[in-house]
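As given, the protein sequences belong to chains A and B, one line each in that order. Quick note on my numbering: the first sequence kicks off at 386 and runs consecutively. Quick note on my numbering: the second sequence kicks off at 386 and runs consecutively.
Think of the hints as simulated: they come from the structure by calculation, not from any bench. Accuracy of the hints is not assured; some may be wrong.
No copy labels: a pair is met if it fits in one copy or bridges any two.
[Said to hold, decoys possible] In the PhoX-like style, the derived pairs of lysine-lysine whose C-alpha atoms are separated by at most 25 Å in a straight line are:
(1) 534 / 776
(2) 466 / 1118
(3) 1050 / 445
(4) 929 / 389
(5) 953 / 466
(6) 924 / 944
2 protein chains.
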Amino acid sequence: MEQKFNVVGKRLPKVDAWERVSGKARYASDVYLPGMLYGKILRSPYPHARIINIDISKAKALPGVKAIITPKDTPTFRWHKDMPILTDVARFQGDDIAAVVAVDEERAAEAIELIKVEYEVLPFVLDPEEAMKPEAPKIHPEGNIIGGKPQVLKRGDIEKGFQEAEVILENTYRTSLLQHVTSEPRVCVAHWEGGRLTIWDSTQYTFGVQSGVAKALKLPMSKVRVICEFMGGGFGDKTTSERYNVLAAFLSMKTGRPVRIEFDRAENFLAAHHRYPTVWYLKYGAKKDGTLVAIYAKVIADMGGYAHFAGAGGNLETIKSVYRCPNLMAEGFSVYTNKPEGGFMRCVGHPQAQYPQEVHMDMLAERLGMDPVEFRLKNFARLEDGDQDRKFPFTSNGLEDCIKRGAELFRWQEKWRRPGSSPGPLKRGVGMAIHACRHGAMTEPSSGMVRVNADGTVNVLTGTSDIGGGQKRTMAIIAAEELGVPVDAVYVTAADTEVTTDTGGTTGSRQTMTGGTGVRLAAADAKRQILKIAAQELKTEPDKLEIKNSIVYPIGADKGIPLVDVLKKAPATIVGRGIGRVPKNKVIHSFAAHFVEVEVDVTTGQVRILRLVAAHDVGRAINLQSLENQIEGGAIQGMGFGLLEEQLFDGKTGLCLNPNVLDYKLMTIKDVPEIKPLIVESNDPYGPFGAKGVGEPPYSVPAPAIANAIYNATGVRFNKIPISVRAILEGLKTKKG
Amino acid sequence: MEQKFNVVGKRLPKVDAWERVSGKARYASDVYLPGMLYGKILRSPYPHARIINIDISKAKALPGVKAIITPKDTPTFRWHKDMPILTDVARFQGDDIAAVVAVDEERAAEAIELIKVEYEVLPFVLDPEEAMKPEAPKIHPEGNIIGGKPQVLKRGDIEKGFQEAEVILENTYRTSLLQHVTSEPRVCVAHWEGGRLTIWDSTQYTFGVQSGVAKALKLPMSKVRVICEFMGGGFGDKTTSERYNVLAAFLSMKTGRPVRIEFDRAENFLAAHHRYPTVWYLKYGAKKDGTLVAIYAKVIADMGGYAHFAGAGGNLETIKSVYRCPNLMAEGFSVYTNKPEGGFMRCVGHPQAQYPQEVHMDMLAERLGMDPVEFRLKNFARLEDGDQDRKFPFTSNGLEDCIKRGAELFRWQEKWRRPGSSPGPLKRGVGMAIHACRHGAMTEPSSGMVRVNADGTVNVLTGTSDIGGGQKRTMAIIAAEELGVPVDAVYVTAADTEVTTDTGGTTGSRQTMTGGTGVRLAAADAKRQILKIAAQELKTEPDKLEIKNSIVYPIGADKGIPLVDVLKKAPATIVGRGIGRVPKNKVIHSFAAHFVEVEVDVTTGQVRILRLVAAHDVGRAINLQSLENQIEGGAIQGMGFGLLEEQLFDGKTGLCLNPNVLDYKLMTIKDVPEIKPLIVESNDPYGPFGAKGVGEPPYSVPAPAIANAIYNATGVRFNKIPISVRAILEGLKTKKG
């Protein structure tokens, strides 16, 4: 049955587009308070060193310096067990050792210079495979394998699977260390006043910052307020409370004045989070007809100096979901090295897995003599597959449509040619990759509030941070659709912990489904109250009424009473609240298939991406504008993952060679090809109006599609990304040689 | 049955005491925004004049002037039918004619000077009795009696009442024109940005400002946010949206920059609201045994140039409530004059009525040869009296206790002496007065929200403005008591229209009962949700559980589960909401009796108040500290009403002679006697934990009690307040003569 919508599916600008483009938007980095102090962090110049002594006497004597703290002065709270707020053992270049506040930034920077730290430089290890060896320098006392052993997934009988297999393919792959490079680096202002802390933070998750800071400083949550009005990019780097939040808060409590801590670009490259590098060994087995019968994967995830999370587990999630396969075994080691801290980056770790798996599948298709599309259509996980271990179906699955409609739009049949058959020197090739992941799904808590004003206009109160993805507009559309009011009557207040409710972070592509469900249920709750009053007025039952364009009608009638008149009968402002629940024994996933054409200049090694078709199952398009923007933005960033982005480290010193946006290469608008988003609406029964999220999936798919297209163009396989100009030239040389 | 409370009834400081005394509190007058412009209003120098022409050319040419508006440029919206936003007929000295915004205050003031207005000066009228005459200058086209006729109240048969009466007493009384003289004059900052208006206003009712400005400027309420974090005194002057709010908003929309408008002290004296003067004729009849049988009252309320409301109706409310009397007639004329606009001031108009009635009752007691206390105890309105016209009882009534316990504490029997019998020149005397009024009662909307955080701490979201009376602390106590958590775990967010719900203004002594009921019901709603989860855990019924000190116990048990553990089982943050309803066919009133001793220096005319016992039926003391502060503050202001405060006007020019705090006399701390608050707890069944409000009642009672005490000391009656030094000396002279 086709649903008809008033607002859902339209193409609307962001609610705050004007503020964003006019410079009026107040980002955390725009918060300047009277009497504010400026904080700076003293960071380790070594990748691994013990701090023997810290002499702050000269720094303290500098006029304008208001406080200096070292490890002994800070709360004993630790993040993820192994990370102190300030450390006396530096585990990566940039590790936090001391902090200063002063009346201006220059003074604070000067004070940092004046602090004399005596270091015992320790041997370091950069390579995760090296770090696993017994003789490697120990970064934490319990050894370099986080948790002491691998995470293991098993399904069916992997031995039997490989026995049944008629074709078996093994290969190794590597992905690199990337930074999010948000327009706005990490920044917060903390203000302790009247026994209460207010933090303006550039964060994807105000409630995460609130609870983390409250715990670290032993404060009641009711007296910690975290606000993020606007934020300049997160991509997973700003998903929860971090050391700098606690430092700013602690220093504000110590000095009684507002304290600002803002990372510069180099600090963000060294001491913020990173897409952690991975090393893969894959061994897949298939029957001659193309049926996958065995998947074995091993990953080593290089988490850097601290265990923000066990990243290998994040990598393996997607390996087990994309394809139907009865026998699977996957092992993941999360390993400490003396590199920057690994974390989330546009997904917990699926892109690092999607690249090797989809290249591997491409190779396997070739080995089987099958078309890559045909091979995927044979093996992709169906609606009923879902969680193949626990036998839970998906709630919706548009993957087949993504593959078929994407291939058609791309004209795959016509475009595909035998690998390496393109004439030079500008060789063209096409490639594709598919995607499935739990991101875009609903999680708990899912909540929202809606207030209907006396004039029939609506305020939405949601914990959802709008991190630039247009989440406020999405929530406004959902509330307007549910309540039957014009979308411009809705104003959305977001991500202020004092006045909204926790609905998870704007992470994991979560908010359309999670925050959106909270808002939709809250709007439905408000509507119920309104219709109850209207039913008394109209002497009918509430379920025989509907609201359209701010008028309450008996269903199907063409005369009704204005909403504003119904509201006059309400004893007080109508407040709706909603709490969404995750369905049990079912799995919500989002799906995608990308198709790309590239041109490789074999004389220069330059790769030009010519066009990309990005087919995504989003359940339902709430706002076409922001949906397409998300797909485009994610795909562009994913192209950088495949071709350009990599933080490089010097093997002799362990220091980062390119902590700046000149030497760290990013996609620019000149590199961006024509991108065609293709929207597949599988109408998820648990999403608001059928919607699922789409924040992360577009990132995962371009890199393997591009790698496959480069192979299709050149006949050369690249087993590491980014596939740089140097890698191309070397690869072509090797092939010739 | 005695209730036991954990927090209710304790003596706690204001939650924001530190911020208030340290200067950290951000009042509307502390709001300075980047790029802000300063607005000034051109005010009429005449009490009555027609504007013939306005020449803005010179003002416009002044560098730094960003906009000038005159009556023709403003929205056509009118307040209470007769008041335009800018006027082309000035109806009082200070009437708003034009407005300017400039880059600083000095430039704005200079621009005001440069605007040339051509006036046709019109004849004016200052005296309300004169204004009622046919030949008086017409201030509005429909004549000077607002509504064209008096408001009339009738009960029983007034003719028959006077026929039955054995003693009849007639007299006339006058009260004067007062200003609230708030520490913080009227001030707001309006900021139009991204299609949305934010106003920081010094207001008692953010929602009133929101709806008024939204209506005036035809904006959706969802896009008008009004915030009042702290405010420096309201007393009824800041109860709703005013011209300056709309002017600031309109000028911000016009210029695209934040606009600040702040009244100076003289502007507040001229163009803010006022306690409107009244003229009374009273005729009361009683039987010889002291039984009141007839009340006739006539009042002329002088509302000034615009009809903010029909003030005579406000005056008459209390006349009919305080005493049980079967026959009553009251007539009230609300009249325009060319004086400043009358409005609410610590009550709608009861103090102006309480003074004549209680002096009249004192005289009648003397005529009957009865003790004034005995006479009141004979006639005061009992629990069953309530609305004597509609035969609705009071919900609670502690008036008898107020009179009896107050008299006892004061040692009335011992102190009272025959009028005029005190030896000179320092004559001592005692007086008393009683009070009953609908203020302190509950009204609709009554609403609130409560959020219980994951750590068991609580955020209260209430529309209640904390105007300095400690309302935030009151709400925190109510939430803490209901939820069984420590009061320090509660943080109260108040009076931000975006994130709270309308629960009426902090006017009419409303918020303890009205906002408090909303918060209590919201907390109860949250508690219900918590106990439901706990009951599942403890395998019992929710109603067999209670929360004490953040632990959920089976009722009576000494072992329970921590609230924080119960909350872990909640699917999302617990949000409670509450809507209170006013009881039907019942009347909620607050009651008081004051007893005062004065010393009159018959050589200088100086009156010294020696001590005051202020007995108040508050239903239940929520916070003893703020309760006693309210009683003391109200009583002190009420003493000024009786002895000092009066705006004076020159009969020849119609201009105010003392629009400043040097010439307008206020009580100072040196004038304040020992005040003994006596708390009577009648435990109102509809109040939160039995509480009623107390904001206004303490103001009404001192003036008549003092007037009666002065009579008791000197033997001279004064029929007009304030009873100034000059009045005392003249009165004593007349008596001797």
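To see whether the hints hold, each was checked on the structure:
Taking the closest pair of Cα atoms, residue 534 and residue 776 never come within 25 Å of each other, the shortest separation being 27 Å inside a single copy and 82 Å across copies. For a Cα distance limit of 25 Å, the shortest separation of residue 466 from residue 1118 qualifies neither inside one copy, at 48 Å, nor across copies, at 88 Å. With identical chains, the CA atoms of residue 1050 and residue 445 are never at most 25 Å apart, being 40 Å at best within one copy and 54 Å at best between copies. In the homo-oligomer, the alpha carbons of residue 929 and residue 389 lie at most 25 Å apart inside one protomer (18 Å), although the nearest pairing across protomers, at 48 Å, exceeds that limit.
When the C-alpha separation of residue 953 and residue 466 is checked against a cutoff of 25 Å, the pair qualifies only between copies, where the shortest distance is 21 Å, while the shortest distance within a copy is 55 Å. For the identical chains of this complex, residue 924 and residue 944 are intra-copy neighbours only, at 15 Å inside a copy versus 51 Å across copies, given an alpha-carbon limit of 25 Å.
When held up to the earlier numbered hints, the structure conflicts with 1, 2, 3 and fits the remainder.
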